[in-house]
Structure formats: structure tokens, C-alpha cells
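These protein sequence lines map, in sequence, to chains A and B. Just so it is clear: in the first sequence, position 210 is 210 by the working numbering, and no numbers are missing. Start counting at 1 in the second sequence, then tack on 1000, and there's your number in the working numbering.
Pairwise CB distance ranges, derived in the manner of DEER restraints:
hint, chain 1, residue 1, chain 2, residue 2, range
1, B, P1108, A, Y214, 40 to 48 Å
2, A, A104, B, T1152, 39 to 47 Å
3, B, R1249, A, F235, 33 to 41 Å
4, A, I97, B, R1232, 53 to 61 Å
5, A, D222, B, R1249, 24 to 32 Å
6, A, V93, B, P1108, 17 to 25 Å
Selected chain A positions facing chain B (Cβ under 8 Å, derived; list incomplete):
hint, residue
7, E41
8, P42
9, G43
10, T130
11, R136
12, F137
13, A140
14, I141
15, V147
Because the hints were derived from the structure by calculation, they are not lab data. C-beta: ideal position from N, C-alpha, C; glycine also.
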Amino acid sequence: MVSLLCLLAIQESPAAPVAIEQRLARELQLRIGDTVRVRAEPGSPGLLMVVGAIYEPRSDPATVLRNEFHARFHLPDLADLLGAPDRIDRAGVSLRIGIDPDSAARRLDRLAVGFRVRPSAEIATESSRTFLVVSRFHRAIGVISIVASAIFLLCIMLLKVEERRLDAAVMRMIGIRRRTVFSALLLEACLVALIGAALGIGLASASTAVINAYYGHRFETDLRFSLLTPGIILFGAGLSLLLGVLAGGLAAARLVRTRPLVLWRRA
Amino acid sequence: MILLAARNLTRHPLRNLLAVLGIAVAAALLLDMVMLAGGMERSFQRMLLSRGYQIRIAPKGTLPFDTEATLAGAASLSARLRADPRISAAGAVLGGALFAPAGDSLLPLAGLGVEPEGQGLYELDSGTDLGPGDTTGIVIGVSVAQVTGWRTGDTVRIIVGTDPQMARASSERRLVVRGVVHWLYAARGQRTVGIALPLMRALTRAAGDRASMIMVKVVRDEEVEAVASDIRSMAPGVEVNSVSTLVARFRTRLTYFRQLSLILGTISLFVGILLVTTLLTITVSERLGEIATLRAIGVSRSGIVRRVLAEGALLTLAGNAIGLLLGLVTARYLDGILTSFPGLPAAISFFVPEPAAVARAAAALLVAGGIAGAWPAWRAARAPIAATLREEAT
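Chain B with its partners taken away, still in its complex shape (with noise of 0.2 Å):
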């Protein structure tokens, strides 16, 4: 039956090879749509997970680092949140503007205050972590190394705050990098340098216990939700988000891509139909004699309709193995084209290739080529055994 299907195909080289070009790119685009629609949510998923805390706090109605809004009573927070059981890790963390001397002028820093006994921001490289109370150290990222060439064990120069009026910095600190870290939530290019709590307050004269955020580890994955609820009921002044609630807030600000990629993927299966129906319409008219002959020699309507889904089949089936290829390169490209917006952090990803979307494709596109050989095969199928032999005779 294939091999039949495949020698009917090659009697056409040119429009069955156009079919299949045709076909593999709507289905590289139609994979492309599945990756983007589910892609980015998990991407940012993983990110969120990735040193394993599942809650982040925030000032109330404020994402967190969404905005310069500071929560208050941050560190004390902390400390009853790190004495619940049910949580194995818990650090504020204050975000800041730093500066460093390059030359004549100042190299902006972003910076940011954590305790390192509860911070889920990064991922140290080489040297050793800052110390719970550090008042001497600093934690830079490999960006800002490459900029400055600042090495571990290196003491270095840190201005916070300028003032306008008297032209200069209104406060210096020598510190000593510790070690060079991978923050995991930056953007490409950012350069992010991390010193304790405590410091980050003194160096920006933060007034009280305050910080951005506050990130939270649950021991069990499964206590996360009632750990937040307690949470929101014990402060009702923050704002607490679970990562599911993150990633719904993601969703919303990401409902351009999604809505994009129904629309897109729902194009190119309708063009993959389109093309495979009229292709076989075109091809079971052309051999509509042929068909005839063989029904007049027994073959059933059945045995026709297979023949002709089996057309379809091969042609969607060799459209998508080149199809999936050309969409992983494409995919590629357009993420790399995605990933340059400003600010966004370097570990989120639009386009995830991962097997499940490419099956969902495959099979997306397995079922469009079936449904596009339905209407071909069954007239196929019904083609009138006589009147057509005698139009073909004559």
C-alpha cells in the first residue's frame, strides 16, 4: 500500500516535491507556534525554580523588582519565616544603584543587597560567598569582570550615591571581591554586583528594615500554596506570589505571543490542509479512470480510500520530517531575535524545543494531512464505475 502511494507520488516529481516543500514549511511554522505558545511559560518557570524558591515577596501590589516600592519590617519577616518549619530558606534581598570608577567617570552598577544564608539570586562561579554580616565583601558577575577586570581577591572601589551639588560621590567603600557569580535572574549585559544586606542599607542610607523582596523555600513542593496563604494572613501589608501566581501574571503580560501563535499555528495547519486536499483532488481527477479499473476488477472502496489516505500520509509525513528540522532552525533564529528585548532576563527563552512540542506538532500536523485526504478519497471512493469508464473510452 505505501509503496503503491510512493509510486503513484514520483509520477509527479516537480508538484509532489512543491507539496512537500509547501508543507514543510507550514509545519516548520507550526511547530515554531506550538514552542512559542508553551515555551516561554515554562522557560520562565525553570527560571523562577532554579536555585528551588517557590514563593517571592513583595511590596504590595508590586511584582517583584517591578518597581522601586520597598516593603518595610523586611529582615524580621525573614527571620520568622526562616523559624517556620514547613521553609528551609528565606532571604530579603535590596536592590540599589551603584557605581564604580572607570577613568574620569562612573561605571553604573546594579546592586543588590542579599543574605546569604537565604538568597536564591545566584549561582557562585569561582571564589568563595559573601558571609552572613559581610561588611567587606562583594560578589560580582562575570559581566561586570569583563568590564572592570576586577579578579577575586581583589579590593575595589564602590561609590554609592552622587551628589549634584558638591560634584562628587557622597559615599565610598573599599570592598574585597569574593567571587565571581552567575546571577540567574539578569538581563544579557547587566552588570550586577551583590554585597550583604546590612551593607547594601548602610551604603544607601536605607532608611529601617526595609528590602525589594523577600524569597521563600518550601521544604515540600506540595505545602507551597498553604505556606503563602499563612503568609498572606500573618503580613496582609505584602504582596506574596507563589511561582504559579508569577507565571499567571507572566501569562497576561505574554498574551500578545500566545494569542500570536494560535493564530499562526492555526494558519499553517489550514495551508498544510489546504495544499494536501488540493493536491489529491487534482491528482484522484487526473486517475479518476485508473480508480475506475481498479474498483471494475474488485478492488473495494475501501481499499481506494486507503490508497489515496495514503497519498496524503507519505506527502504530510515527508513535509513534516523536513518541517521539523526547518522549524527547529527557525525557531533559533526568531528566539535570538526575542531574547534581545531590553531587560529581560538571559535564561528566559521564547521558543523551548522540547519533545513534547514537537510531538504535538507532528501529530497536529499527521491528523491535518489525514483530514486534508478525506474529501479526495471519498469521491474517489464514489467515482461511478461505468460513466467513467465510458468518459475515459471515449
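Excised from the complex, chain A in its bound form (with noise of 0.2 Å):
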């Protein structure tokens, strides 16, 4: 496979067809119907050939940052052009319906030596390596920033409960029971938790929106970089609620345990 061919504009004799990319046609300023000049490598003589399409390539994450330019011939152009006849890097096979491709890769393979016959899926399990390895390390950022999210609850909300030593101590001393308390400011804990789970979500749409916006317009591509999924709008709220209710919970069952004249005092 070559990476890069040297495409020049000339007006010679219409040739044999390519097709390239949109990106590569603007870069150029080609358009359907012009002649070029493509070369292997500089100095060579290469081939006319003429734009005979210009296409918007699929969108791929594996290739995007790369910033290549692609362009597509028939096959005996390239394989003129590279000097390399009757040679090439791959061959799709299509299955009939119903055949097993696992067991018909292993027969293919066993045919002869020189080339590996493996199933589609095989192939994009393999290339999807790279995407596990980042994803693996978002989840593991996600652990972290989880923990100190946690934290950082836990903190906030034992201020906050104590703040209301004062108001605990006053519902208590005219005979409140510990549970209508406990209740109360664990019911506040929850309004807290659902106000900031809210706002998280907001700014979560916000910065995905950025994002998306910079990297699309950065790589010139349609690719998403940031999903916020319902799932992960559901997980991040459930999460914030569950860590906000555990926090205030434990926050108020440490104030409703200390005597009501201690409160008072320390308030």
C-alpha cells in the first residue's frame, strides 16, 4: 500500500481513471474530468490519469489524525504504478448464506502457504485493539475522577449537615424525633444531590457540544469525539444521587447520635 502519491495537474492526454477524496480535490483544486500526473515517488515517471471521480471518504477514527490524503485506482493502474504486478496486500472473500466463516477461513488457509485467511470478525476484534486500550484508560480516569467526586461529596456534605447543628438541635430539644430529622436532612442531601446532578448534566451536554464542535472542524471530519449517551446520563446521575444520599446520610446519622446540648454548643 503506498501512503502518499505525488499528484500534479498537467494537460496532457486523458488516461486511465482515479477517484480521490473530496479533501485531496480542494487541496488541488481538481476537479472531474482533469489530467494528472501520479508518481510513486518524486522523479519518476508515473502515470496520466484523469479524475474520473471525486468522493467523501467514510469517516475513520483509526486513520483521523493521521491527516493523510487517499485517492483510489483500479487495481492493475496501482500495481503499474508501483511496478508490482499481479501483487496485492489483501482479497475479500464473500461467503455464501449460511457457510461458517470461521471454518472457512481455516480450509482457505490450509489450501496453501503464503498468504493467512482470516474471518472478518477476527480482523476487527484485531484492529479494534488500539479503541479497547483508550477506552481502558477512560475508564480508569473515570475511576479516579469517581473517587474524588466521592470525596469531594462527602466533604461538602458534612459541612452542609453541620451547618444545621443549630436547626437540629432546636428540632430536637422541642422533641423532634431522630428519625424526622435524620429524614429531613437526608431529604435535603437528595435536593442538593438532583441540583447538582442537573447541573453536571448540563454542563456534561455543554462541553460535548465544544468538543464535538473542535475536533470536527480540527480534522475536518464528521466523527464524534464525545457521545453522552441516555446511558451515561442515567449512570452519572444515579451515581451523583447514590453518593449524595450515602454522604448526607452518614453526615446526618453523625449529628442525630450527638446529644442535642452538645449541638447547641458547638453551634
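Take each chain as given, in its own frame, and dock them per the hints.
Here's what the structure looks like:
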């Protein structure tokens, strides 16, 4: 496979067609019907080709950062250009319906040496290993962020509940039961956690939009770099509510266990 | 002052412990992100310079070994380069697929044809190196030695190319293992072997004087860019990459990680500031009466400010100390994840624990601690003495 070919716009007799991607056409100001000289390396005579099609390639996260230009040729033309007749990098095989790809691949693999036959699913797994690594990294960062948020939330809830020492002391002194005081404080913690979660979702939506707009523009792609799915929203909101209730509950339990007079004195 | 601040903090052990833990996690994340931001580049640069070769010449428009493209006139170009008194070594490298027989199948090997007099790809672990023009020798990586059981001095069979029509190897050669080497740019577990460049050309039937890359070692580092520029003028049909060019290209490809580290680092600093500010604000609110009393008996505003700032600094310092240790542990874990990228050279690290990075993270957190304490300190200093005391009394 050749990563870069030299395309020079010239006016000579038309020849074999080449399809070029939109970005490359923009860069070289080429239009359908233009004749170009395509070289496998500088200085070589190359081939005269005519721009037969301009296409928008499918966005591929694996290549987006490489910022390469792509062109497509008929196989014999490319083989001529590279001086490698009858050689290919890979070939695809479409099986009849009902044929098991794994067993077909095993049978084909035994036919001859010099090539390896793999089912598409195996290739997909292999080529997505990079993204699995990134995904694992994101999960690890996510866990660290969750630990940080949990501690932060616990601390804030503790402070928030401790601020209510005087109220709690008064409530207990006028005969309101511990359970009622606890429930009131817990409810307050829930409310704070809910408001925080709603704000967090709003912030996440805004940052997702900014990230996608920025990277989409930068790499000229319609790929989405940040996804905020309903599942993620539910997970985030559920986790913050759970952590909020847990932290608020712990702080409230600590407060209602303290004697009202002690609370009064501390307040 | 510090003792007083420490005593004040021990009044609320649970909340302050939680705050220190929160700051510690933020500090750990910040340190990791500082290491991630600069570590990749430094590690990549260190790897490129591990044998002192500062320039790589590749086919036009490509990075070394990024594609299967090769450059023409390689050996003659490397010979011309060697004649330049500013260049101490230059060597062409040609990559190709080789195989070792393994039972009834073939073990694929990454083959590199090198000019031993100017190679910057490996370091000899044991045995001897290839000689210039060696047509019977091979050097193998540790992973090849482990898989095949080959040792120095063994005569081994190397298969080059296979013929699908005839269902057999297209050519085969018996070579003597000269030594076991450490490949500087190989991925983890990559099975790489090296032979002399002419032998590689003969085996792979590579047409003409072609190579995948030429490595150049310049005598004086300050002349690297000038030499690179001269090579560009001398051979306009090739891509001349100095280490700085390669690092810049690498940086572009890893933009994502640099930006992620910037965003997460900023968030962790922000979280740290928020935590310290919240805690100190509440603490100051609770102690307004005490602060007003201190002011009433003659303690200056700046004295109050210093006390609140000292509390903030103590919290940040304690969090920092735990956080930096935690950061080193998590960096090791995160590095383990990222270095499992397929095909990544084993010598590259994403998180490089360097004293400068640790110092930068610690300084950023200390400054953040100071900023975090500023608002509560200002509030404490501005508290009206009479009104506060009256309020406290009622």
C-alpha cells in the first residue's frame, strides 16, 4: 500500500481514471475530468490519469489523526504505477449465506502457504485493539474522577449538614424525633445531589457540543469525539444521587447521634 | 503561626481529613496529567536518540517505517553521507518479511537488513555483531530467542517469501546466529531479526539499491539542522527528518492525549481550589466571633489573613504529599494501560516521572492552595468587629 502519491495537475491526453477524496480535490483544486500525473515516488515518470470521481471517504477514527490524503485506483493501474504486477495486500471473500466464516477461513488457510485467511470478525477485533486500550484508559481516569468526586461530595455534605447543627439541636429539644430530623437532612442532601446532577448533565452536554465542534472542525470530519448517551446520563445522575444520599446520610446520622446540648454548644 | 493553624485544623478532624483526601486525589490526577503532557514527547525523543542518530531519511512524504514505501539509491546516498566530515555514521535499513520454520507451519519474523557499520537500531546483548557485508550471519531479538530456542552459534533456517501456487517457500537460507540483541524501536513481544543489507536485498529480491530508511549520526548536535537542510538540497526526492521534526509529527498524532491532560489537569486544580475554598469559608464563618475577638485585642488584619492562608497552605501541603505518592502509583497503572497500544515501541512511556514534572505539579497545587485561601482570608479580615461580637453575644 502506498501512503502518498504525487499528483500534479497537467494538461495532457486523458488516461486511466482515478478517484480522489474531496479534501485532496480541494487542496489541489482538482475537478472531475482534470488530468493528473501520478507518481509512486518523486522523479519517477509515473502515469497520466484522469480524475474520474471525487468522493467523501467514510470517517475512520483509526486514521483521522494521520491527516493523510487518499486516492483510489483500479487495481491494475496501481500495480503498474508501483511496478508490482499481480501483487496485492489483501483480498476479500464473500461467503454464501449459511457458510460458517471460521471454518471457511480454516479450510482456505490450509490450501496454500504465503497468505493468511482470517474471518472479518477476527480482523475487526484485532484492529479495534487500539480503541480498547483508549477505552480502558478512559475507564481508569473515570474511576479516579469518581473517587475524587465521592470524597468531595462527602466533605461538602458533611459541612452542609454540620451547618445545620443549631437547627437540629432546636428540633431535637422541642421534641422532634431523631428519625424525622435524619429524614429532613437526608431529603436536603438528596435535593442538593439532584440539583448538582442536573447542573453536571447541563455542563456535560455543553462540553460535549464544544468538543465535537472543535475536533470536527480541526480534523474536517463528522466523527463524534464525545458522546453523551442516555445510559451515561442515567449512570452519572444515579451515581451522584447515590453518593449524595450516602454522604448526606452518613453526615446526618453522625449529627443526630450527638446530644442536642452538645450540638447547641458547638453551634 | 503554623502550629496555630495546625491546631485549628485538628478541631474538625473528620472534615479536614476528607478535605486532605480530596486534595490528594486531585493532586494525584494533576501530577499524572503533567507527566502525561510532557512525558510522551520526552520518552519518544529519548528513544530516538538512544544510539545518537539524530536524522532519519525516509521515502518522500512518509515517516520512517510508516509505510512499505522504499527509497531508491539508498546505499550510494548513505556512502555519500559517510563521506561528509560532519557525519560520524550513516546506515541504510531495509525491512522485509522473513519466516522461521515452526513444526509444520511458519513463524513470521520482522526482518531488518542493516549496514552494521552505521546501524542505530539495536544494541548487542550477547555474542558478536554482524560484520559489514556478512552473508551468513543473523542477529536475533530476545523474543525470537525465547520463541524459537535459538542461541548464539546455532545454524538456523530462514525462509523468505512463500509461493502460494506451489505451496512452498520461494527461497530458504541457512544462517548462523551471531548474537542476541536488544531492538531499540521494537514493540513488546515483536519478533525481529537482523541481517546484513546486501543479504536482505538478495533474499527479498528487492530491485536495485533500495532501503526503507537511512539513519544519520551527526558529530555535533548543533549542526544537525544544517546537515538536515544540506541533505534536503542534495536529495530533494527524500524526506529528511531530524529528531525535532519527528517529535513535532509525533506531537500532532498525540494531540488527543496532550489536550486530555490539559483539560483533566485544569479540572483537578479547580476541584482542589473549590474544596479548600469551601472548607476555609465555612471554617471562617464558624469562627467569625473568635476572629473578631482577636481583632478586638489588637491582632492586625494581615495577621488574620496569614492565619487563614496558613490553614489553607497546610491542607494543601498535606494533600500534596499524599497526592504525589498516589500520583506516582496511578501513573504506573495508567502507563501500563497505554503502553499496551498495539505496535507501540516498548521503549516509549506515556507517564515519565521526572523531578521537574513533580515540582511543577506541586507548585501548581501550592499556588492553587494560596488562591483558594484568598477569599476566606479576605472575608475574615474584613469582618466588622463590633457587629460580629454583638451578634455572637446574642
